[in-house]
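Listed below, chain by chain, are the residues.
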Amino acid sequence: MELVVFVVASAMVIGGALGVIFRRHPVHAALSLVLTLFGVAVHFVAQEAHFLAAVQVIVYAGAIVVLFLFVIMLLGVDTADNLKIDPLRIQRPLAAIVGVAIVALMITAIISDRDVGPLQPGEGLDTAQVEVVGDDDGLRVTDTSDANIKQLSRNLFGTHVFAFEFTSVLLVVAVAGTVVLTRRDRRPKESEGAAS
Amino acid sequence: MTVLSWTAPAPTPTWYLILGAVLFGIGAVGVLIRRNPLVLFMCIELMLNAVNITFVAMSTKLGNIDGQTAVFFVLVVAAAEVVVGLGIIVSILRRRPGATADDLSELKG
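Protein chains in written order, with this note's numbering: chain B, 1 to 196; chain C, 1001 to 1109.
Calculated from the structure, these hints are not laboratory results. Positions of the beta carbon are idealized from the N, C-alpha and C atoms, including for glycine. Fair warning: there could be bad hints in the mix.
Partial pick of chain B residues on the chain C-facing surface, computed with a CB cut under 7 Å [claimed, not checked]:
(1) V8
(2) M12
(3) L33
(4) F38
(5) A49
(6) H50
(7) I149
(8) S153
(9) N155
(10) G158
(11) T167
(12) A176
FRET-style restraints, in silico, Cβ to Cβ [said to hold, decoys possible]:
(13) C:P1009 <-> B:M73: 40 to 48 Å
(14) B:F22 <-> C:A1010: 30 to 38 Å
(15) B:A63 <-> C:R1094: 20 to 28 Å
(16) C:L1104 <-> B:R24: 32 to 40 Å
(17) B:G62 <-> C:T1014: 39 to 47 Å
(18) B:I97 <-> C:R1095: 20 to 28 Å
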């Protein structure tokens, strides 16, 4: 059953990715990107990373792709004649060779090192979905279906709390910077000189 | 009498790592061959998603939650990067409509 889920989700991911790089119209490419993002979210669920799957759908498919579509609609980008001509004749074959080389190199590294253990012990990843708590009544097992969120939040707000606060600063800076960057230069017209 | 039975193999983290590598290669090829700036940006997002798959696969393989925390940060930084990048693309294409990545090869506005 997990094999079926893996194959279907991988088909979504790879199919969407090929759609992004081969479709001519930018809106079709954006929709293929949504297919890829949903496939990645299914892969996250299959690996018990439920919180990340939810955040992936909400942030990536729900905000970033919508932002892309807004910009496409705002600019009225026409279908660029992408797949017909190219200024450098050698670019397409060279890109194909480079892509195949990158993938082959990474797959070689993955397969040759697949039995290597961790470099240092870290915080454990508990996928057992049950939690053993000890209080005055003794030890008892409670069923926690949000163990992944608890572990992730303990790590995020414990070990990496400084980086977390820094990302909030990063988001504010990004938004403020983009607003300043895309302002139109408005100068008062001659007929409205009495208002200034 | 021999009975042949085949149990479907469960996906190991190595499978996810290979999927991440293939997705990264597809994104890299897309960056190299597409000229529309917005689709170029979408191929960069493909590469970021490949890195996310790799992080979660390594988190499962090594039994460490740090991989999923890294995915969280990659998501936040990717969102900020999309905001700023699309702002830059909007301001450039407002001045020169219909520009492709080849026309934007010089840094002058």
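Exercise for review: State, for the Cβ atoms of G62 of chain B and T1014 of chain C, whether the hinted interval 39 to 47 Å holds or is violated.
Suggested key: About 31 Å separates the Cβ atoms of G62 of chain B and T1014 of chain C, which means 39 to 47 Å is violated.
Check your understanding: Do L1104 of chain C and R24 of chain B keep their Cβ atoms within the hinted range of 32 to 40 Å?
Key -> Since L1104 of chain C and R24 of chain B have Cβ atoms about 20 Å apart, the given range 32 to 40 Å is violated.
Point to revise | Interface hint status, H50 of chain B versus chain C (Cβ within 7 Å) | key: violated (10 Å)
Check your understanding: Between P1009 of chain C and M73 of chain B, does the C-beta distance stay in 40 to 48 Å?
Key -> holds (45 Å)
Practice item. Grab the minimum C-beta distance from G158 of chain B to chain C and call the hint holds if it beats 7 Å, violated otherwise. Key: Violated. Min distance 10 Å.
**Study point:** Interface hint compliance - A49 of chain B to chain C, C-beta minimum distance less than 7 Å
**Key:** With Cβ-Cβ at 5 Å, under 7 Å, it holds.
Point to revise | Hint status (Cβ of F38 of chain B to nearest Cβ of chain C, threshold 7 Å) | key: violated (11 Å)
**Study point:** Hint check: 7 Å Cβ-Cβ cutoff, T167 of chain B to chain C
**Key:** holds (5 Å)
**Study point:** Supplied distance hint 20 to 28 Å, evaluated on CB atoms of A63 of chain B and R1094 of chain C
**Key:** holds (23 Å)
Practice item. So, M12 of chain B near chain C? Judge it on the closest CB pair being under 7 Å. Key: violated (11 Å)
Check your understanding: Lying within 30 to 38 Å: is that true of the beta-carbon distance F22 of chain B to A1010 of chain C?
Key -> Since F22 of chain B and A1010 of chain C have Cβ atoms about 32 Å apart, the given range 30 to 38 Å holds.
Review point. Taking the beta carbons of I97 of chain B and R1095 of chain C, is their distance inside 20 to 28 Å?
Key: violated (36 Å)
The earlier numbered hints that this structure contradicts are 1, 2, 4, 6, 7, 8, 10, 12, 16, 17, 18.
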